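Protein chains: 2
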Amino acid sequence: MDKTVLHDVSYGLYIVSTNLSGKNVGCVANSFCQITSSDLTVALSLNKNNFTNIAIKKSKKFALSIISEETNPELIKTFGFQSSRDVDKFQNFEFDTIEDLPVVKENTTGCMICEVFNIVDTGTHDIFLAHVTDAERFNSITPMTYSYYHKVVKGKTSKNAPTYVEEEVSATDSKKYRCLLCGYIYDDAKESIPFAELPDDWQCPICGATKSFFKEI
Amino acid sequence: MDKTVLHDVSYGLYIVSTNLSGKNVGCVANSFCQITSSDLTVALSLNKNNFTNIAIKKSKKFALSIISEETNPELIKTFGFQSSRDVDKFQNFEFDTIEDLPVVKENTTGCMICEVFNIVDTGTHDIFLAHVTDAERFNSITPMTYSYYHKVVKGKTSKNAPTYVEEEVSATDSKKYRCLLCGYIYDDAKESIPFAELPDDWQCPICGATKSFFKEI
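Quick mapping for you: the protein sequence lines, in order, are chains A and B.
Going by our numbering, the first residue of the first sequence is number 49, and it counts up by one from there.
Going by our numbering, the first residue of the second sequence is number 49, and it counts up by one from there.
Take the hints with a grain of salt, since some may be wrong.
The list treats identical chains as interchangeable, and a pair is accepted whether it falls inside one copy or across any two copies.
Claimed, not checked - Here are the computed lysine-lysine pairs in the DSSO-like style, where the Cα-Cα straight-line distance is at most 30 Å:
#1 K71 with K51
#2 K238 with K109
#3 K199 with K109
#4 K51 with K106
#5 K71 with K199
#6 K96 with K108
#7 K109 with K223
#8 K51 with K153
What the hints contain is simulated information worked out from the structure, not anything from laboratory work.
Keep in mind the model is a prediction, meaning the values are calculated, not measured.
Please model the complete structure; the sequences and the hints are all you need to start from.
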């Protein structure tokens, strides 16, 4: 089985956010799609270890902002590199509060307010099925795709990014793997276990992405 | 509520296919995403009226081929414009048979074989949750996104397409709406009911897309 085929599946990039007992929480997500139209419903998949998943299970609603191609990479870094358990991710970004939910407006093309009506347990992840109860457009900038983020944004930002040198192919035998979602580098030379020998359920320590989202660099 | 925000959600384009009692059936789909990685699972949403949906419910498995940017528009026209009830969509395209499933190889970057383990009824559509049991890469061409298909392929093909003139904005008061998925034009001047007054559960007569996938032209 050639699992790299899974990398050819196209996604957008989104900020998913909710409010848990007065605390604003959120993360970056990509597995999101519209399911029905007459009754406007959507599906969102989130890892169970993700704090935002835990919060949505309690709040039963979330906001989803669509990241644009012109986004400041700091937005993805902030929402994808950290856990809302530890930091207030919203403190440096413009956001509104709609129906008690924090909605990121900066760097995004629009948002939806979603009320969860079903949660499907799929093992490591939950699929949240939700009604879209409101939607607002902020601008008409082209939405960011996962592919664009990987190919273009990385290129634009790499000069100032700490990973820039690390992205070059090493002349040594040790291998490096980059998380396509958050940019985290797994360097075999610095780890006790080579990437290839990590268990299948291993996850990116920064954003929680699974092994299939890592690419050798 | 500004429903156009839903158009900013990014998708790929896929041929979903199965075999029903010896008959090869398939269609174009876009609502597809990976759900989990350690146990490789995916989710696919298909309209209940879609013949391929009915067939997958019986066969409990499907193949999914990823349409590439270099696809022949005839592929999308063939699989998106007709029903497998009426025609053999596979007759003019190269395909393999893997585990009894017809797998479109022409114009696609790779395929997955998927075994359904759960079906979630969401009203007009079903979400098929499936294990990926095999995957094969055919080439490394860039996968087609829904946005690319709409913006670029339509441009490339419109000169020879019957819809080319119809795509121009009419000088009259009557409005036209194009299905972003299959290209079908709904022309208010030729219909008894203006598009805006069609019920929310109305569907594209060609590909089954819902009203939200139509854009005024």
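Evaluated hints:
1. K71 with K51: Answer is between: at 28 Å across copies they meet the 30 Å cutoff, but 38 Å inside does not.
2. K238 with K109: For K238 and K109, the Cα distance exceeds 30 Å both inside one copy (41 Å) and across copies (42 Å).
3. K199 with K109: neither (32 Å within a copy, 33 Å between copies)
4. K51 with K106: between (34 Å within a copy, 27 Å between copies)
5. K71 with K199: neither (34 Å within a copy, 41 Å between copies)
6. K96 with K108: both (15 Å within a copy, 27 Å between copies)
7. K109 with K223: neither (41 Å within a copy, 37 Å between copies)
8. K51 with K153: between (35 Å within a copy, 17 Å between copies)
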